[in-house]
Every structure is written in structure tokens, then in C-alpha cells.
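Participant: Residue numbers (this note's numbering), protein chains in the order written: chain A, 1 to 251; chain B, 1001 to 1314.
Cross-link-like lysine to aspartate or glutamate pairs, in silico, EDC-like; alpha carbons within 20 Å at most:
no.: 1; chain 1: B; residue 1: K1130; chain 2: A; residue 2: D134
no.: 2; chain 1: A; residue 1: K67; chain 2: A; residue 2: E55
no.: 3; chain 1: A; residue 1: K75; chain 2: B; residue 2: D1207
no.: 4; chain 1: A; residue 1: K76; chain 2: B; residue 2: E1206
no.: 5; chain 1: A; residue 1: K76; chain 2: B; residue 2: D1207
no.: 6; chain 1: A; residue 1: K75; chain 2: B; residue 2: E1206
no.: 7; chain 1: B; residue 1: K1261; chain 2: A; residue 2: D112
Some chain A residues near chain B, calculated using beta-carbon distances under 8 Å:
no.: 8; residue: I50
no.: 9; residue: S70
no.: 10; residue: G71
no.: 11; residue: I79
no.: 12; residue: R89
no.: 13; residue: E94
no.: 14; residue: F98
no.: 15; residue: Q105
no.: 16; residue: G106
Honestly, the hints are just simulated from the structure, not real lab data.
Ideal placement from N, C-alpha and C gives every residue a C-beta, glycine not left out.
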Amino acid sequence: MIEVRNLVKEYGNKKVVDNVSTKIRDRSITSFIGPNGAGKSTLLSMISRITHKNEGDILIEGKEIEKWNSGDLAKKISILKQSNHINIRLTIWELVSFGRFPYSQGNLTKEDKRYINEAIGYMRLDDIQHKYLDELSGGQRQRAYIAMVIAQNTDYILLDEPLNNLDMKHSVEIMKILRRLVDELGKTIAIVIHDINFASCYSDYIVALKDGKVVEEGNTEKIINKNILGNIYDLDFKIQSMENMKLCVYF
Amino acid sequence: MKKRYLFLTLIILSLISIFIGVKEVKVEDILRFNKENIQIIYLSRLPRLISIIVAGIGMSISGLIMQQISRNKFVSPTTAATVDSAKLGILVSIILFSNTSSLTKMLIAFIFAIGGTFLFMEILKKIKFKNTVFIPLIGMMLGNIIDSITTFFAYRFDLVQNISTWLQGDFSMIIKGRYELLYISIPLIVIAFLYANKFTVAGMGEDFSANLGLNYTRVVNVGIGIVALISSLVIITVGRIPFLGLIIPNIVTIFQGDNMKNNIGHTALFGAIFLLACDILGRIIIYPYEVSISLTVGVIGSFIFLYLLVRGSR
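Isolated chain B (complex conformation) (with noise of 0.2 Å):
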């Protein structure tokens, strides 16, 4: 997988997905400066595609992150507890205070969604059971047991509407003025790139870490806490993406090995190229009517985990 093909599949899903929707917009309408399509674009058409880009990077990336720290290739924020602890946070913050900005929600969201994967971690450092699917099962009993106290507080506060919204990723809904949250990722993104020798050492073991004079604690926390940050601004600008943080990783590091600083990269151009793809065929599959991208990233998503659960355990 070279880098600069990647990203010139990118670059083409990019313009394919700013030119489907079921108002036409054509390539000539912008050079005639066709004021109506110009706007739609502005409005409509390219936050859709920052936020699914930067979803699509941070989710994967995310991904990456807690594979690496965790030592499983099969830990994810999806698996570990932090998309619903982000889950429960939001219902905490929507019955506390009812008319809250997003940027509140995203930060209680966030302080749920890191108390939720430390408590992954310190349960996965109690467990003497090692096994690679073993240790995401729990975390995934993990966020079921969080997320039926979600759903028992959203019952009890006739919110279980307002917090199925959450539930689901969707794109759709994504105009100017509603997902520009998402774009405090882009410095953890960076911070992610600039930690990535520092991830690879702490996955190779305390001890590792220690022999080579680095802190394993602190990359650890900042591994962590980058992790769910992303998940919390994810979660409240889009909704919960199923499979990413956990296929394209794996998918990567199949081919580019387990060095952080060459497959970063890779995972975070891979990750966009599926997110907007999948979004891409959402669209176009029931058009002029569109599928949420939970499903169309879930269904894909659910096979190729499948075929990497048997070829892992084997």
C-alpha cells in the first residue's frame, strides 16, 4: 500500500462525494459561480466531508492507539468500554443541564469516556487470562453493563429517544454550524503522529519501556486520553461508527507491521478512504433516499471483523 495512492483515492471519493445528493450540482455550476449550488456546497456538501474525514481519521486512529497500548489487537474504543461510558456521559449532561451546548456534553462526555477505558485498563491488568478475544469480550461486557444503566436513566427520564440519536452514526444531519467541534481532533491527530515511536515502545511492555528510559505511565494516560477525546467529539457531532477503530488498524497493520511511525499514515488515509466510501454508498444505494452510515460501515464492517476473528485465532 503506497501512501500516495491512498491518498489519491481519497482525493476522487472526495469529489465524487461533494457531487452525488439528490440536489444535482454540477462541475460547471462552480465555474459559472452559480450562486444557489455554490451554497450547498458551502453549507452542506463540504462539512459532510471534513467531518467524515476527520471521523474517519480519528476514529481509525484511535483504533490504532489503543491496539498498541493495550497489546490486543482486537481492543478498540468500540470494545473497551469508551464509546458508551462517552454514551452515558452525554445522557448525565443532557438530565443535568436539559439545554446545554454541545461543547459541555462533548466534556462530560469526554470525563465519562476516559473514567470508562481506565476502568478497562485496570480490570485487562488484573486479568492473567491473556487470551486475544477474551480480552475485548470483556470490555465489550463492559460497555453492555454501562450502556443497560444508560438506558435504564433514559427510561426512567423518557429520554430513551433523544439517546437512540446518539446511537446511531449518521451523516446526514451534518450542516455548517453543527460539526465543527469535530475539528478538535485535528490536534490530537497531530499529537498521535508526534507520539507514535513512543506508543510503539510502550507496546512492546512495561518493561521494554522502562529498559529504554521511557515513562510507560504517562504515554499510557496520554494514549488514553487522546483516545477518548476523539471518541467523545466523534460521538456527539456524528454518532457511534461501529467496526472503524477496530478494522482498519488491523486491515494496516497487515500490511505495514506494528512500527507506529509507518503505519499511522496509512491507517489514517485507509480509515477516511472507508469511511467516505462507505457514506458514499449509503447514498447511492436507496438514492434518492440515503442509509445511515452506521449500517452501510456496520454490514461491511461486521464481515471483514469476521474474517479477521478467524484468521487472528488461528
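Chain A on its own, in the form it takes in the complex (with noise of 0.2 Å):
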């Protein structure tokens, strides 16, 4: 489990996350939804030891951070940021192979071979394992970023705006293998997501955050709700409820 207790970041005077407190559950998909500037991409890059915190704790299995080795914690957690612009001509399977590079540092073994090729099998791109990231499509990408952070073989596993810049067939098809990681691999995911009705039909808990607080969370069938909803976003929501999902109108 994931901890988190009176985070603070500041970026001069302005306190970006502000006095957080929230848990990221084990086996589960986490969800952090809230406006544009409310501090998500902040809290999840804290929490990936990407960028310092100024005050609190972030306690991952029990143990905060920072007395975390580094090269323990790239076993232990892994991220994958919204902006992906790696702008290095590597191959799919070049780039999942350093996934691996926490336990072997580049020269791979035999069962880092294995690794990389279950997590291309995964993730369905054996065809153009072989392709170059710069010869592929978005979603393609988004994929082989996927198979490089299942390659880390990692508990925690976050992603900040996994569904950016991908059309419909390929976030569903994103969020479908999201949940077979936890499902099928026992993995812990947390994602910050602006699609609420994405949120709404894959995630186990929301937590809901506004100008670097959390107003609301707990789990989704609490969260997806027309006052919670209204509340955070300021808009009028309408809930349908069709074959078991909660859709949100707010049009």
C-alpha cells in the first residue's frame, strides 16, 4: 500500500499540493480525476520520487521514501509520464528491454529476455516489436510504454494521463489491459485521468482533488454522484446507470 500524509509542494508561494492525505489501495485501480492545475500530476510525480516533496510523508509499504535505495525503489514502482517525447530512435522491443534495467543494469539475462517477450506478448506487438518508436502510431507508443513499465515488473504502477492523445478504440482498449494488470497480476495501479466516465468504468476508488486539495474520495460507486461530481467541476452532472456502468452526462 501507498500512503500518503499532510503532502505539501510549493512552487514559490503557491502551494500546488496542499496538505494531502490519501491511500492508493493494493490489487486495485486508483483513479485521480479533479480540474485542470488541481495538483494530480504533482501528487503522482511526489509519489514516483520524480519530483521532491517540501513537507509530509510518502510511505510506500510502510517505509517513507526518501530512505528508500533508488535502484530498490525502480522494482518497487514505476511511472510513465503524460509527455512521452523521447526523441531517441529506439525499437519496441530496445525500449521495453530497459524496463529491465533496474535488475540488470543493461546486460540482460536469460530471464530478462523472458521478461521483455512476455510483456511484448502482452501487450500484443510482436508484429513490430522490431519497428522503431518514431514509425509508430499513438496508441502503438502509449502500448510499448505499457510493455516497457509491466517489463520493470513493478508492484505500483503509475501513469499520469495514460489515455493522452489516443482515440476511443485505443483508450478502451488502454483501460482493458490496465485492468487485466490488476485483475489477472495482482498489480496496484493509480492514474490521473480527465475522462470521467472512463474513471467511472474501470477504476476501484476516485480520489477527487481541487486547487492541491482532496475534496472527496472513496470508492467509485460513492464518487460518481451529481452533487460529488457538480461539486469538483463546477458543471451539472446527470448520472445514467446502463448495463452496470455509471455514465456521466454533463453536456
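Relying on the hints, combine the two individually framed chains into one complex.
Facilitator: Quick look at the structure:
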């Protein structure tokens, strides 16, 4: 479990994350929602030690993040940021192989290769595994990055807007894969997501942030509620139930 | 590009290099133990060949490292103020201790080179507008500013001629006893090979490196250290060789991709081959005289550079 207590991040005088306490529960998908500038991405970056916190505690399996050795932490928690602008010519296979870097420092063992090939198979990238990243479509590239994270084989996977720039088909595909990672492989996933209906249909828990503070959190059933969502986004929501899914209409 | 063929080409060019020159040396002379000709090979031809190979490998690997850690295809020791700073360092060492050894000169050049390169990397961090062509232009501007400082002090201390000899890359002056400093770059090249994977990860960015548990700052510093040291060694022993660190890695990565583990070997071999071929060309083009290597590399290199520039901005 990942637990965050009284977390603060300041840029200048502005508290981007203001006294946030929350939990990411094991073997589930937790979605972080909220308007732009709510501090969702910053929160995720701090939990993955990419951004340093100003105050508060981040406990990963009960141990404070700063006490973790960075190499060990790379085997425990992985993050995929929203801007994957790495302009570097690698093939899918090579990119995925770097997921094994924390284990082998790049000198791949037989076991590493097995993980890499499994991850590529899991993301159904076998046919294009030797293509360069710059030859791929947005959806294929996103799948390649997720394959890398799968090869990294961490218990916790944090994804910052994984559906950014993807069409509906690819978005659904990615969310189904995330669901499988949790249900089949027992991973714990936290995502920042803007599309409320994707959050509603695929996540177990939702944490809503606004102006750097947690305004609501709980299981999806509770959060997908007319009043709660209306309060978060300042919009009129209508919630419709359809085939066991709660859908929000706010247009 | 198969490494095997590159290696074979390098061997053939090396043999050609040993047997061309004003004094005719034939294969039979070696077999007959012709003392005079063996001396020529031992004192002049072999040192020249070794220094070309080491400098070719060193400069092209330096370029590869620079491009990887700055994440820009057009950054290299010559376009990131490294070489110009090293030159300023040499001037300072000449002014401060007039008759100093090459080793001290090299150390001072190294300190300046590392300072200049860090300055460039700091400027790079501050720039929001990360255009591929814009960044090396900034590096060249910085280099030119440093170069003008060098020229100013060289003029004041009457050292303009002295310093301009460091500007021109030239292998004709390489004889036994005047190039051995270059050997220091061999362990550095070995370290670069060992760090290849780490440089690739660093090339994917600071966040990416953190995610994989890599100490980004340390890897970048090791990279800059290697580049600054190799550049200083080459400029002290051979002089400035333009374009090499820029074009060789670019050509190789077109075929091999950016995974340094897969391209560093090719880059090393191709760099040595290119420099050696340019040297041989310079030696036969106006035989029995010779054109300095910085001219041949400069002319051929600038055409390749223009091609890459047009290709890159597309």
C-alpha cells in the first residue's frame, strides 16, 4: 500500500499540493480526477520520487520514500509521465528492454529476456517489436511504453494521463489492459485521468483533487454522484446507469 | 553496416597509411629488416597511425556521448564550447607557465573544457525553446565568445601564432615522443563503452532515469568528464579536428538507432576509418606535400553536415 500524509508541494508561494493525505490500495485501480491545475500530476510525481516534496510523508509499503534506495524503488514502483517526448531512435524491443534496467543495468540475462518478450506479448506488439518508435502511431507508442512498465515488473504502476491523444478505441484498449494487470497479475495502479466516464467504468477508487486539496475520495460507486461531481467541476451532472455502468452526462 | 566489414576496412586503410609517404617504404623492406625503413615506420608512420585511430575513436565517441546526454543531434565538442574552452585553457597555461610540459597544459585545458561544457549544459537547461538547430547555434556562439577572449589575450601576450597552431588539426608533426599523451584517452573510451547503457537511459530524460533508478546527474557528469578530457587530449596532441564528433555519430545512428550499446562500436570504428581516409587523402592529393587533416575533414565534413542539417530539419 502507498500512503500519503499531509503532503505539501510549493512552487514559489503557491501550494500546488496542499496538505494532501490519501491512500493507494493494493490490487486496485485508483483514479485521480479533478480540474486542470488541481495538483494531480504533481502528486503522482512526488509519489514516484521524480519530484521532491516540501513537507509530509510518503510511505511505500510502510517505509518513507526517502529511506528507499533509488535502485530498489525502481523495482517496486514505476511511473509513466504524460509527456513521453523522448526523441530517441529505439525499437520497441529495445525500449521494453530498458524496463529491465533496474535489475540488470542493461546486461540482459535470460530471465530479463523472458520478461521482455512476455511484456511485448501481453501488449500484443509481437508483429512490430523491431520497428522504431518514431515509425509508430500514438496508440502503438503508448502500448510500447506500457509494455516497458510491465517488463519493469513493479507492484505499483503510476500513469499520468495514459489516454492523452488516444482515440476511443485505443483508450478502451489501454484501460482494459490496465484492468487485466490488476485482475490477472495483481498489480496496483494509480492513474491521472480526465475523462470521468473512463474513471467511472474502469477504476475501483477515485480521489478527487481541487486547488491542491483532496475534496472527495472513496470507491467509484460513491464518487460518481451528481452532487459530488458537480461540486468538483462546477458543472451540472446527470448520472445514468446503463448495463451496470454509471455514465455521466454533463454537456 | 557490419562491424566485421568496418574492421576489415580499418585494417586495409592502416596498411595503406603505413606505406605512403615521401620516403618510399615497401613490404619487402620490413621482411628484409631494412633498418632505416623500419625506423621510419617505428618513429613516424606508426605513431601517426595510432594517433589517428585513437583521436578518431575518441572524438566520435565524445560526440555520441554529447548528443545522447544533451538529447540533441547537432551537439558535439566543437558545437558545445568544449574545444574552444580547452583552447583558452592552453593559452592560460602558456601565459602562466611559459615552458610547461604537455601534461600540465592538458590538465589546465581539461579544467577549462569541463567548465565550458558545464556552462553550455546550464544554458541548455534554462532554454525553453528546444529547437534542434537552435541549441548547437547557442553552443557555437558561446564557443565563439570564448574564442574571442582567447584571441584577445593571445594578441596582448603576442601568442597569436602560437595559439593558432593549436587550432589546426595536423598529424604531420606526430612522431614518437609527441603523441603518447593520447593514450590516456584509451581507458576513457573503455569507460564510455561500460557506461553505454547508462548514457542511453540518461538520454531518455531525467524523469525516465529516475523511474529506472539511475542517478541522472552522476551519469551526465561522467559523460561530460570523458568528453572534456578526450577533447583536451586530442587538441593538445593533434589540434582541432572539426565536424568529426558531429557527423560520425549522426551517420551511424541513422543505421543503428540510438541504443548506445548497439552503436558505440560502430561509431568508434567508423570514426577511425573516416579520419584515416581523410588523412590518406590529404597525403596523396598534392604528393609529395600534404594538406592538413583539419582542411580535408573540414571540407568533406561540411558537406556531410549540410546534408544532415537539411535532413534533420525536415
